[in-house]
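Asks: Listed below, chain by chain, are the residues.
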Amino acid sequence: MTRARLLRGAAGAAGFLIAGELFLRFGLSEGLEFPAPSVVLYEAARLVADGAFLDGVLTTLVNWAVGLLIAAAVAVPVGVLLGALPPVERAIRPLLEFLRPIPSVAIIPLAILLIPVDEMMKVSVIVYASVWPILINTLYGMQDVDPLAKESLRSFGFGPLSVLGRVSLPSAAPFVMTGIRIATGIALILAVSAELLAGGASGIGVYVIQASSGNRTDLILAATFWAGIFGLLANLGMVTAERRLFHWHRMRTGASES
Amino acid sequence: MKTLGRIWVIPAVLVVWELITRALDDTDFPPPTTIVSSMYELWFSGPASRLFLTDGAIDNILPSLGRMFGGWLIAAVLGVVLGVLLGRSRVATDYVDALIEFGRAVPPPLLVPFFLVLFHAGLATQLATIVFGVIWPVLLNSIDGAKSVDRTYTETATVFGLSRMQRLRVVVIPAASPKIFAGLRLSLSLALILMVLAELFGSTDGIGYQLLQAQRSFETPAVWATIALLGLLGYLVNSLFVLAERRVLTWHRHANRLT
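As they're listed, the protein sequences go chains A and B. Each residue of the first sequence is one higher than the last, beginning at 22 in the working numbering. Each residue of the second sequence is one higher than the last, beginning at 1014 in the working numbering.
Just to be clear, a hint being listed does not mean it is correct.
To spell it out: a stretch of chain A is covered by chain B in this simulated footprint if at least three of its residues, at any positions, have a beta carbon under 8 angstroms from a beta carbon of chain B; those stretches are [unchecked claim]:
no.: 1; segment: 29-40
no.: 2; segment: 127-140
no.: 3; segment: 156-169
no.: 4; segment: 229-241
No lab work stands behind these hints: they were computed from the structure. Built from N, CA and C at the ideal position, the CB exists for glycine as well.
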């Protein structure tokens, strides 16, 4: 079943690439600088041995990871705290609702003005954008805790901290994980956006700017291909971790979506 | 009174923010009153006959909104049509699944330089960026929605002799619409982000362009004002969408309440 699905997925991707290749080689007029899939894949393979690109990848991935870690370290405790104190949560909620719709990319120009240190500016922007999904999902998870379970523990004489540790936190954990997974995708977008807008010494975005100044669409797409692979791997890793760690949650809610 | 009791924290935060920024007196952190007056000067001090919009507002906010909704609509139509068709066939979904997962994982900002080389600065680049960035939630939710339509519905439709197209239009799309709307809402807020992003690169007007100009000329209050405007727009657009969704999906909530 899954093997057939994997095969079909691979066949679909191969078919798409071949169709694109044929269309670009024979179907399209020559005015457009759209590189054929074979050229992009060839360049992508060559990038693996390109020191400048590898440096960039390392910079971007480190910013990405550090930003996500800081965001999780801030948003999860705040979310748990707010979730455990409903009156405070109700008071803060409108503020969150007003801050959340601000498009995170718009923060980058402000961050460029306010934070002169390049690395710190980039990480801060990633943190700002990643905090929201983690915070919102943590809050949601804390609200979703089974009241019966909490009451039972209380009636057995457990204090509020024990209830938090034994019921609320385990019950909210899958939601926190979902929030972190969503934030992972957003963090990568912000990481490359900041590099594209602010430049810098190295980074996938910086590499793409350099490639675009020479009109090298093949290199742009090759670098983008790798960024997509990193995003895909991160997402797959998170989904697998969610399944492994929280299989009991899926059984309880019957959720089938990944 | 109840809503007043709920949102008291916002004026409180604004007052504290005002006091702190006035005490700090740092040009990087202007007090909220300065930000609001900057917003007023930039966009809302026009003549009453034009709803108080200034030339700057008409020349920048309107094109931005046009791009955002234009790109979103293109992505919505493409995403819903493709998604519903794909979702009806398990095998077809299997074939494109890997491609969709990859496409969704590609950070759209990296494609902006590519589109710029391909289409040069202008509407085509902006629309391409927005469409590529926002189509995924619509597509995935439409596939998911069409896939999980109750079999009884589609089989009943077959029994009543509805053709394939009729079945899609009368049964599958309505049944999938709650999921589709969830996708559309997500992509609308993404469209705002990508509109700003597209305008930050090689645009000659728009809110994102104004933001870039303000940053380049170190006009910090204008940068804050633009961010506030974008937050306001995001809030408004989302609220409007929720309203529209409620009206369109009234039957869905009623049907759910009955069962």
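Asks: Take the hints in turn and mark each one as holding or not.
Replies: Okay, the hints, checked on the actual structure:
Only residues whose C-beta sits within less than 8 angstroms of a C-beta in chain B count toward coverage, and the segment 29-40 of chain A has 8 of them, enough to reach three; the restraint holds. With 8 residues bearing a CB less than 8 angstroms from a CB of chain B, the segment 127-140 of chain A meets the requirement of three and the coverage assertion stands. Figure legend: the segment 156-169 of chain A, annotated as covered by chain B; annotation inconsistent (0 residues with Cβ-Cβ distances under 8 angstroms, at least 3 required). Evaluation of the coverage hint for the segment 229-241 of chain A: fulfilled, as 7 residues show C-beta separations to chain B shorter than 8 angstroms, against a requirement of three.
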